[in-house]
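As you go down the protein sequences, you meet chains Y and D in turn. Okay, so the first sequence: first residue is 11 according to our numbering, each after it adds one. Okay, so the second sequence: first residue is 3 according to our numbering, each after it adds one.
Please note: incorrect hints may appear among the correct ones.
Said to hold, decoys possible - Covered stretches of chain Y (in silico footprint by chain D; criterion: 3 or more residues with CB under 8 Å from a CB of chain D, positions within the stretch not fixed):
1) 28-40
2) 64-78
Said to hold, decoys possible - Taking CB as the label site, the calculated pair distances span:
3) Y:W64 - D:Y26: 46 to 56 Å
4) D:M79 - Y:G65: 23 to 33 Å
5) D:K13 - Y:V45: 36 to 46 Å
6) Y:A84 - D:M79: 17 to 27 Å
7) D:S176 - Y:K99: 23 to 33 Å
What the hints assert, rightly or not - Some but not every residue of chain D turned toward chain Y, in silico, with C-beta under 8 Å:
8) F22
9) A55
10) G152
Since the hints were made in silico from the structure, they are not lab data. We put the CB at the ideal spot given by N, CA and C, even for glycine.
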Amino acid sequence: MEHTHTPEYHLHAATPETYAAAKKEVKKVTIYLTVFTIIELILGYMLFLNHTTWGSGLVLFVKGVILIFMIVKAFYIVAYFMHLKHELKNMIMTIVVPLTLFIWFIIAFLADGNSYKNLNNSYDSYKLERSKTKVSAPAHGGSHGSEVKHPEQKAH
Amino acid sequence: MAANTATVQTKWWNGGKSPFNVEYGKLMMWYFLMSDAFTFGAFLIAYGTTRFASNSWPDPNVVFQSFPGLGSGLPLMFVSLMTFILIVSSVTMVLAVQAGHHNDKKGVVNNLILTIIGGFAFLGCQAWEWTHLFHEGAWWGRNPFINADGTAAGTNFTNFFFTITGFHGFHVFSGVIINIIMLIMTLNGTFERRGHYLMIEKAGLYWHFVDLVWVFVFTLFYLV
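Just chain Y, same shape as in the assembly (with noise of 0.2 Å):
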């Protein structure tokens, strides 16, 4: 077999031991992030369930639960699955320090988007009032007559 190209860098070596190894680590993350997105499943009906008669607190930390959990699923996926983790550290950092930032990004605008609504709230009363009056199903019954219905709907 020829090789056309030398490649300058050192490929791991490729034994069936590493084979097997690999797979098996593999089939452990798998199953990590099965069990991960089950939980957060769970998490998500309980909340579809509950959301009335549990207090905000309560509704938050179960959201802020789930966003973790969404955390820890991307860092498997980047770490075992695009295989990063392995890599030299150097590189790792292009990829991770830019991310640090991007979560500054992230807080900082849901921040700009709560302050929107409060300034909204004070000084459009307006929109204020109209985001507050209630309306019933659209007539044509815009979800099908679905079983699931929010609990402030007006029943048909």
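Given the coordinates of chain Y, work out where chain D should sit on it, guided by the hints.
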């Protein structure tokens, strides 16, 4: 990673070798994915900002509660299926890349086929979701759903939903095309002749990125 052996420190930046010990194409794929991550991130942050600026928002468990063939009243079921399809296709992609590392051409072929099937299955599901919502009156500029607190909702909800899932679906579609090309190249023996399956690895990075974005989209639109 043997960046530092017992006696000799590898001089990574003196030329003659790749400083990060990776192929140029692989590093560039990572940086393309960073740019794509910023784009998706910007869309999702815009969505978040709009939601934070809103007094109320439609409840996803009311909007997304149908399952093909099983009717409605089943919140989270269909999106769970879509999520698992994409996760499993990511797993088969990792297995394809690993098979490539060990020059297991049959392993590469089989796992690529499974990944492609998973990709098409996801696209089919998303198409069904879009069609179903469209038939309920939802589209860009049209939102038939009301807010969770019973007040009238604007079109932000549907605009963001279709734009972001559409942009993601476009990436899934292009990823499937890339994977099909990878499969054809593998079957033709291109990588066997080259002596390495690094191209599969690069396609794998793109496919995992697509799965990663879905993890965020799924959580932020359907769960919280």
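Structure-based check of each hint:
no.: 1; hint: 28-40; verdict: holds (count 6)
no.: 2; hint: 64-78; verdict: holds (count 3)
no.: 3; hint: Y:W64 - D:Y26: 46 to 56 Å; verdict: holds, 52 Å
no.: 4; hint: D:M79 - Y:G65: 23 to 33 Å; verdict: holds, 28 Å
no.: 5; hint: D:K13 - Y:V45: 36 to 46 Å; verdict: holds, 43 Å
no.: 6; hint: Y:A84 - D:M79: 17 to 27 Å; verdict: holds, 23 Å
no.: 7; hint: D:S176 - Y:K99: 23 to 33 Å; verdict: holds, 32 Å
no.: 8; hint: F22; verdict: holds, 4 Å
no.: 9; hint: A55; verdict: holds, 4 Å
no.: 10; hint: G152; verdict: holds, 3 Å
Of the numbered hints stated above, none is contradicted by the structure.
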